[in-house]
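Asks: Can you make the complete structure from the sequences, with help from the hints?
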Amino acid sequence: MYSFYNDRDFFLTRLHPVTRILGLCLLCAAPFTFNHPLYLLPLFAAFLLLAVWAGAWQNLLKVGWLGIIFVIMSLVLWPFFYHGATVLYSAGPFSITREGVLFGLAIGIRLDCFLVLGIIFLTVTRLEDFTNGLTVLGVPYSLSFALGLAFRLTPLFAEEAERVVTAQKARGLDLDKGNLLARVRKHIPVIVPVLFLGLKKADQLSISLESKGFGLNIPRTNYQHYRWRTTDVLLLIIIVTLDAVLFWCGLAGYGVLS
Amino acid sequence: MAVVQTKKLCFKYKRQSQPALNGIDCSVEQGECVALIGHTGAGKSTFLQCLSGIIPKFYSGDLSGEIIVFDGMSDSKNAGVRTRIGHLFQDFEAQLFSSTVALEVAFPLENRGVPRSEMHDIVERSLGQVNLAEFHQRNPHELSGGQKQRVSIASILGMSPDLLLLDEPTTDLDPVGKRDVVQVLQVLKNEGKTILLVDQETDGLLDVDRICVFWQGQMIAEGRPREVLSNIELLAKAGVKPPELLELCARKGITPGGSSLADVHQTIREHGFTINQQKKEQIVAISTETANQLDPLLEVSHVSFAYSQAEPVLKDISLSFCPAEFVAILGANGSGKTTLVKQMNKLLQPSSGSVTFHGLDVSNQPQSTIGKKIGFVFQNPDHMIFSATVSDEIAFGPRNYGFSASEIEQSVKNALELVHLTGREKDDPFSLTKGDRQKVAVASVLACRPEIVILDEPTTGLDYPEQIKMMALLKTLVRSGHTVIFITHSVWLAAAYSSRIILMEKGRVIADGPPRKVLFDFETLARTSLEPTPIIRFAAQSGVPLLTVDELDRCLTNNMSGENT
Numbered sequence: 395m396y397s398f399y400n401d402r403d404f405f406l407t408r409l410h411p412v413t414r415i416l417g418l419c420l421l422c423a424a425p426f427t428f429n430h431p432l433y434l435l436p437l438f439a440a441f442l443l444l445a446v447w448a449g450a451w452q453n454l455l456k457v458g459w460l461g462i463i464f465v466i467m468s469l470v471l472w473p474f475f476y477h478g479a480t481v482l483y484s485a486g487p488f489s490i491t492r493e494g495v496l497f498g499l500a501i502g503i504r505l506d507c508f509l510v511l512g513i514i515f516l517t518v519t520r521l522e523d524f525t526n527g528l529t530v531l532g533v534p535y536s537l538s539f540a541l542g543l544a545f546r547l548t549p550l551f552a553e554e555a556e557r558v559v560t561a562q563k564a565r566g567l568d569l570d571k572g573n574l575l576a577r578v579r580k581h582i583p584v585i586v587p588v589l590f591l592g593l594k595k596a597d598q599l600s601i602s603l604e605s606k607g608f609g610l611n612i613p614r615t616n617y618q619h620y621r622w623r624t625t626d627v628l629l630l631i632i633i634v635t636l637d638a639v640l641f642w643c644g645l646a647g648y649g650v651l652s
Numbered sequence: 201m202a203v204v205q206t207k208k209l210c211f212k213y214k215r216q217s218q219p220a221l222n223g224i225d226c227s228v229e230q231g232e233c234v235a236l237i238g239h240t241g242a243g244k245s246t247f248l249q250c251l252s253g254i255i256p257k258f259y260s261g262d263l264s265g266e267i268i269v270f271d272g273m274s275d276s277k278n279a280g281v282r283t284r285i286g287h288l289f290q291d292f293e294a295q296l297f298s299s300t301v302a303l304e305v306a307f308p309l310e311n312r313g314v315p316r317s318e319m320h321d322i323v324e325r326s327l328g329q330v331n332l333a334e335f336h337q338r339n340p341h342e343l344s345g346g347q348k349q350r351v352s353i354a355s356i357l358g359m360s361p362d363l364l365l366l367d368e369p370t371t372d373l374d375p376v377g378k379r380d381v382v383q384v385l386q387v388l389k390n391e392g393k394t395i396l397l398v399d400q401e402t403d404g405l406l407d408v409d410r411i412c413v414f415w416q417g418q419m420i421a422e423g424r425p426r427e428v429l430s431n432i433e434l435l436a437k438a439g440v441k442p443p444e445l446l447e448l449c450a451r452k453g454i455t456p457g458g459s460s461l462a463d464v465h466q467t468i469r470e471h472g473f474t475i476n477q478q479k480k481e482q483i484v485a486i487s488t489e490t491a492n493q494l495d496p497l498l499e500v501s502h503v504s505f506a507y508s509q510a511e512p513v514l515k516d517i518s519l520s521f522c523p524a525e526f527v528a529i530l531g532a533n534g535s536g537k538t539t540l541v542k543q544m545n546k547l548l549q550p551s552s553g554s555v556t557f558h559g560l561d562v563s564n565q566p567q568s569t570i571g572k573k574i575g576f577v578f579q580n581p582d583h584m585i586f587s588a589t590v591s592d593e594i595a596f597g598p599r600n601y602g603f604s605a606s607e608i609e610q611s612v613k614n615a616l617e618l619v620h621l622t623g624r625e626k627d628d629p630f631s632l633t634k635g636d637r638q639k640v641a642v643a644s645v646l647a648c649r650p651e652i653v654i655l656d657e658p659t660t661g662l663d664y665p666e667q668i669k670m671m672a673l674l675k676t677l678v679r680s681g682h683t684v685i686f687i688t689h690s691v692w693l694a695a696a697y698s699s700r701i702i703l704m705e706k707g708r709v710i711a712d713g714p715p716r717k718v719l720f721d722f723e724t725l726a727r728t729s730l731e732p733t734p735i736i737r738f739a740a741q742s743g744v745p746l747l748t749v750d751e752l753d754r755c756l757t758n759n760m761s762g763e764n765t
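Order-wise, the sequence lines are chains P and X.
Just so you know, we're using my numbering here: the first sequence kicks off at 395 and counts up by one.
Just so you know, we're using my numbering here: the second sequence kicks off at 201 and counts up by one.
Be careful, since some hints might not be right.
As the list claims (entries may be wrong) - Below are the DMTMM-like pairs computed for lysine to aspartate or glutamate, each with C-alpha atoms no more than 20 Å apart in a straight line:
hint, chain 1, residue 1, chain 2, residue 2
1, X, 542, P, 597
2, X, 542, X, 291
3, X, 626, X, 651
4, P, 594, X, 291
5, P, 563, X, 656
6, P, 595, P, 637
7, P, 594, X, 636
8, X, 573, P, 637
9, X, 257, P, 597
10, X, 542, P, 568
11, P, 594, X, 628
12, X, 208, X, 422
13, P, 580, X, 592
14, P, 563, X, 368
15, P, 563, X, 561
16, X, 214, X, 625
17, X, 214, P, 597
18, P, 456, P, 553
19, P, 595, X, 342
20, X, 634, P, 597
21, X, 257, P, 604
22, P, 595, X, 291
23, P, 595, X, 293
24, X, 452, X, 753
25, P, 595, X, 368
26, P, 594, X, 561
27, P, 563, X, 422
As the list claims (entries may be wrong) - Okay, the calculated bits of chain X under chain P, using three or more residues with CB under 8 Å as the criterion:
hint, region
28, 302-309
29, 315-322
30, 635-649
Please keep in mind that the hints were generated in silico from the structure rather than gathered at the bench.
Note that beta-carbon positions come from the ideal geometry of N, C-alpha and C, so glycine has one too.
Replies: What follows is the structure, encoded as structure tokens:
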């Protein structure tokens, strides 16, 4: 099953959905305070510990490859755009500086922070909680639902992809053999059925929603009951305070590449 | 009071040349339970979609005629009508999108503004009605097909609609599940709900109020169930399988007093019919003679399997399969049937035990070797189809297995002939009917010249004539020396076509033998939530191991004439 949500009764899953959404946004603001990797690394480590505590470790391992790609791509690209004083290598108009490399590394770590926080959020938040939380924050329900659709459809697409791969393997398709171009071409027998089935499902989804009364001009009620607790308020205060401290540090010049 | 009224209702989908509905006049009174039957493409689902307003909102085309539902059109502007209609689609999986079963049932209630305090009771009640009371927190997408179908039904029941439109509500359910749904519908009928129900299986329709027969977009007959279902010629034209007992009586030219087993027995006796023992012995002897005496080519030895840390899905299974066997695997939803067959061609590998093919361990052989010899046809042909033409689709497997160009051409030609699709080489497979797409899927496996062909529910979604064609095709393969292993929920198909039946329950094989032995062991069959067909029950009560209407028809003779009439 391709859902990240870990259904267990746990501190984070008991938080009000608005706390989880605001908490995610506020924590995502933290990595923006620094652009030096040495300052971002402890923040990243803290988020990793949070992920372990939240039971998101297994989910993180599934997407760990994405985090590595973020760092590699940042390290390769940013030195060409971010210039500093300490030149490490120069060739014609292009030069790679120590500051550029550090900045590239910092951006990679920052992206990985977002990835970890996103996975933690998905691990402790059902898609209904996300949709309901957005509604409480004033987003119209139909828009909240549409935003949640990505979470609904991703597991469905992934499941269909797995079935298609199995079906095509049974017809002799070997996705692991051949050079890069050959392997890309071999994915066509997987991509076409997945797209076809996915589009069919998406088409059916709109009809299904209609059949279940979605979009009726009736004030919507909620099966789930969310309560604001003291822990919600305290946690938000802690996160805001953390952000404030980090921003003050950033403004004071800590963790900023010269 | 008429809840549904249509007058000269016509609808033609935008890109189709023929109308899907052609002048339907229909009236359904409050509290009626009406069944719609007919071949695939006859217009039954389209009719339901017109009633619920899905057509023309989501499907463009030419709609004409009159539709009145609860005295108002059922379009999106009329919320009052929309809230009174519950529509279950044929593709029930498309109606599931919540993260838990309880939330799935609650979703329509939330949309209707039902207070929370009432919602919990409604959810409990609806799940209880479909025997899913303990599945509240389960993710619907992790359930079996039959369980998913029950969740969809529960979400419709929870809406407490006055008009239920149910499009094949029991396709993926085992017989016990089907019986539960029938009971629920009976309760709803007693509460005054109006039900329109599309179903391919007529044995369960004897208690509805009325049956409407659709054929090529027209309603060609309607009437009481016994009237309609005894008209074998009408059902044959409409592409519907008649109820077995009524068919038997019709072949004998007699009309039973009722539709129950006891009624039919009595009618048969009253007309002087008895079993001709000599003919019975001949029939039974033929099936015994054809029992396979050859050495096994595929052996499953003490195989157990579990997905990661979960409870084992297969527990110590040992089976062997010989050439030219026609094997049906039956069992309740979740009994391990699909997991078992996937072990056979290395799509899954056993946690313990082994699978050997011609004496060689399958796990030590490359997928490309095994896949060529043991073909697998999946339940949904859309999981395989991707090419622009039928011939390219069929050639895909042989190309992967390294066939030469001339071998590919010949294999494709032979496969097309076997599935009766010669002349359709250039057709777009996506434009074919479900039945033809299924044939393309079978052909694409046959083109690789496998020795064994495994099919997972090959007749799901096919109407009666298409099911017969598919099974006849598989029979041809067996006659030409292939071993065919198919998973099915359909006891009548297994009885009519297979030479061997394997019953599974909770990961174990609980019976394995010829149909005349396995299907007459009612106690063991009941453990798999399957039920003998009405004709098998009749035969058992008559003390003869006969499996089909044909067999009984041949054996029942009239004492007075002394000949089979």
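Asks: Next step is simple, just say for each hint if it's right about the structure.
Replies: Now the hints, each set against the structure:
no., hint, result
1, X:542 <-> P:597, "31 Å, violated"
2, X:542 <-> X:291, "25 Å, violated"
3, X:626 <-> X:651, "28 Å, violated"
4, P:594 <-> X:291, "11 Å, holds"
5, P:563 <-> X:656, "16 Å, holds"
6, P:595 <-> P:637, "42 Å, violated"
7, P:594 <-> X:636, "19 Å, holds"
8, X:573 <-> P:637, "63 Å, violated"
9, X:257 <-> P:597, "13 Å, holds"
10, X:542 <-> P:568, "17 Å, holds"
11, P:594 <-> X:628, "17 Å, holds"
12, X:208 <-> X:422, "16 Å, holds"
13, P:580 <-> X:592, "15 Å, holds"
14, P:563 <-> X:368, "32 Å, violated"
15, P:563 <-> X:561, "19 Å, holds"
16, X:214 <-> X:625, "26 Å, violated"
17, X:214 <-> P:597, "16 Å, holds"
18, P:456 <-> P:553, "15 Å, holds"
19, P:595 <-> X:342, "17 Å, holds"
20, X:634 <-> P:597, "18 Å, holds"
21, X:257 <-> P:604, "10 Å, holds"
22, P:595 <-> X:291, "10 Å, holds"
23, P:595 <-> X:293, "9 Å, holds"
24, X:452 <-> X:753, "7 Å, holds"
25, P:595 <-> X:368, "18 Å, holds"
26, P:594 <-> X:561, "40 Å, violated"
27, P:563 <-> X:422, "48 Å, violated"
28, 302-309, "holds (count 6)"
29, 315-322, "holds (count 4)"
30, 635-649, "holds (count 3)"
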